[in-house]
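Enquirer: Start from chain B and add chain Y with the ligands according to the hints.
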Amino acid sequence: MSASISPPLLSCRNVTKQFGSLVAIDDLSFDLPAGEILGIGGPNGAGKTTLFEVISGHNTATSGQILLEGRDVTRCSPVQMCHAGMARVFQLNTGFDSLSVRDNVRVAAYYGRRNRVVPGISMEPAVEEAVDAALRDVGLAGSDDCLTATLPVLDRKLLMLASALVMKPRLLLLDEPVGGLTHKEIDHVAEIVRRVAATGVTVLLIEHVMRFLVQLSTRVLILHHGRKLYEGPAAGLANDRDVVDVYLGKGAGEYVAALTAGDAQHVG
Amino acid sequence: MTARQRDITLCLLFSGLAALLPLVSDVRYTVTQTTFFFIWATVVVQWNLVFGIGGIFSLAQMALFAIGAYTTAMLGYYFGTSMILAMPIGALLAVLFSVALGLACLKLRGPYVALLTLCVAQVLYLTIVNDTDCFTNPPSGCMPLMGGVRGFSRFGDLGFRELLGSGFYVGRYYVGLAILTVAMIVSIIVIRSPMGLAFQALRDNPVYAAARGMDRFKYQLWIFGLSAFFTGLAGSFYAVNTGAVGPVVFSFSHLLFLLSMIIVGGVGTIWGPIVGALLLMFAEEAMRELGDMRDIGMGLILVVCVVLMPRGIVGLFEDLVRWRTARTAQAVPLPRRETV
Ligand SMILES: Nc1ncnc2c1ncn2[C@@H]1O[C@H](COP(=O)(O)OP(=O)(O)OP(=O)(O)O)[C@@H](O)[C@H]1O
Ligand SMILES: [Mg+2]
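Going down the list, the sequences are from chains B and Y. The opening position of the first sequence corresponds to residue 1 in my numbering, with each subsequent residue numbered one higher. The opening position of the second sequence corresponds to residue 1 in my numbering, with each subsequent residue numbered one higher.
To be clear, the hints were calculated from the coordinates, so they are not data collected in a lab. Note that the coordinates shown come from a computational prediction; the quantities given were computed from them, not determined experimentally. Hints are supplied without guarantee of correctness; some may be wrong.
Stated by the list, open to error - Covered by chain B, according to a simulated footprint, are these stretches of chain Y (three or more residues, beta-carbon under 8 angstroms):
hint, region
1, 185 to 194
2, 197 to 206
What the hints assert, rightly or not - Listed next, with one range per pair, are the computed distances between beta-carbon atoms:
hint, chain 1, residue 1, chain 2, residue 2, range
3, B, Ile121, Y, Leu10, 14 to 22 angstroms
4, Y, Cys134, B, Glu124, 58 to 66 angstroms
5, B, Arg195, Y, Leu256, 53 to 61 angstroms
6, Y, Thr328, B, Asp27, 54 to 62 angstroms
7, B, Gly70, Y, Leu256, 56 to 64 angstroms
8, Y, Asp319, B, Ser6, 50 to 58 angstroms
Said to hold, decoys possible - Over the 10 angstroms line for every Cβ pair with chain B, so calculated as not near, a few chain Y residues:
hint, residue
9, Trp222
10, Met287
11, Met309
Idealized CB from N, CA, C, for every residue including glycine.
Isolated chain B (complex conformation) (with noise of 0.2 angstroms):
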């Protein structure tokens, strides 16, 4: 029967990433089927960005292979990542810095979506629609003519979020979006990532804030030195030995497993 079933959308095969003599990433699988959202956690310089690199092609994997339906994306390039239907979102606060708000996040709709053989010399209305959506729904309508780099942390956090959803992409990474944010604003993005995963979105995402991480993932890998120290529920993250000695701690574990207890509210 299970061999019918479409592939998964993402797929890492026994990846490997090796800087040198250090082994950012080892021997590492998992598949995440469409709809999904996948957390991952683990200690820092656990690997966690160093797959997201190998994922979307910005580093090529040392040995093992890279998925995306069943196709083999090992050593395609970012761009071909993007337009193959991948956005990601970056760890540190990225952007267009001299560019305005709004022409972030048209470039992007402009050239994310499909491979431009040669540039037109305008936009398509199209584009500047999905624009104007793609702002709405991060709730930046209105800061269009800013200058990037002038933008304060949550609002470049969003707009890297706009920027990534208006590729209308199949898979969105994103690495630590709620990084530095306060707990209102982790809500605000919370809430924009759910609502992304309510469209058919699957999600990668990559997370410290363990309300965040906890609330959001169907699923979560806990990477540690490059392997994977913990894979399910992450209900099961509280009573897993080694995730609490390693990444938790005695303290953050019981503050997760109440997370998960659905007790947010008291401890939130």
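Expert: Below, chain Y with the ligands without anything else, positioned relative to chain B:
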């Protein structure tokens, strides 16, 4: 009206005004100097596309200019080609050369691009001046293939002498004005089009740009090719206008003079290069009598501009406008972020 339509309208308006100059001034010197302004302004407007918009520190522009000038002169000198035909050929050759140079610079960053492009220009220069073998032997004396130190003269004309008699320089004035106008409009369209946005995105953050579907390879070739056409054409027109082409077009101090125009006017802005060209040519003109002091004066202007206006005159103006709109926006608070 979109920003692009506004800028093009402004450009046509200024051109219209400039077209009146020969009608109101019969000082030949003013008209011919303004023709030179058109030539240098064309070069810096296109250089700004590479350097300001694309953020690629290429110093090849004068070499491209020279290719346009030399091609035109050589075609006229050796084959008697009409200048109307030789000029666009010179421009196209500059495009080919520039695309090849863009390929060579693809893996290089920042100052290394400057070094490589400068080296290429130097190699061209040295090849020309060190060639002492006579290719032909006209009565005027030995002529190396590319003119050697002497260069070319009497290779052709646009025919304005027959047409306009002693007012021939006015004909050239309008050709120069036409070239600058078209070069400027092309620059406005490029900067305010998706392609210009891609150039700027790649300049700001190439890694992020790749993740948003912009291929550095492709756009670097585009930008090198595009900007070379009018640079080459300006060179071709320079050859016809001065009636002589020699290795002096490779002069490094002239290259710096042009670079200063972009910096003073505003790197990466639409109007900066032209404003800078106008200002520095006026300044140079005003200090003509000062001899050596002139270089010091020009240096002083550059230093003052860089220190007081790091984004140039136009950049400063843009910042002021932005600052004012930001203040008015604050005075009337708008409902900014909708709740989701
Ligand atoms: N380009 C590189 N060259 C050499 N080593 C690298 C490179 N990129 C990452 N590393 C190393 O690989 C390891 C994994 O880094 P990575 O950035 O993937 O961690 P991370 O899990 O994202 O950590 P954080 O939570 O701090 O973001 C680290 O030891 C890092 O120093
Ligand atoms: Mg990281």
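Enquirer: Against each hint, give a clear statement of whether it holds in the structure.
Expert: Structure-based check of each hint:
1. With a threshold of 8 angstroms between beta carbons, the proposed coverage of the region 185 to 194 of chain Y by chain B holds, since 3 of its residues qualify and at least three are required.
2. Against chain B, the region 197 to 206 of chain Y contributes 7 residues with a C-beta closer than 8 angstroms to a partner C-beta. That satisfies the three-residue criterion, and the hint holds.
3. A C-beta distance of roughly 19 angstroms is found between isoleucine 121/B and leucine 10/Y, which places it inside the suggested range of 14 to 22 angstroms.
4. Range check, cysteine 134/Y to glutamate 124/B: Cβ separation about 60 angstroms, and the 58 to 66 angstroms hint holds.
5. The hint said 53 to 61 angstroms for the Cβ distance between arginine 195/B and leucine 256/Y, and at roughly 55 angstroms that hint holds.
6. For threonine 328/Y paired with aspartate 27/B, a C-beta distance near 59 angstroms keeps the hint of 54 to 62 angstroms intact.
7. One distance hint, 56 to 64 angstroms for the beta-carbon pair glycine 70/B and leucine 256/Y, holds here, with the actual separation near 58 angstroms.
8. Range check, aspartate 319/Y to serine 6/B: about 54 angstroms between beta-carbon atoms, so the 50 to 58 angstroms window is met.
9. The Cβ of tryptophan 222/Y sits about 8 angstroms from the closest Cβ of chain B, inside the 10 angstroms cut-off, so the non-interface label is violated.
10. The claim that methionine 287/Y lies off the interface holds: its Cβ sits roughly 34 angstroms from the closest Cβ of chain B, which is beyond the 10 angstroms cut-off.
11. For methionine 309/Y, the non-interface assignment is confirmed: its Cβ lies about 16 angstroms from the closest Cβ of chain B, beyond the 10 angstroms cut-off.
In summary, the structure is inconsistent with hint 9 from the numbered list given earlier, while agreeing with all the others.
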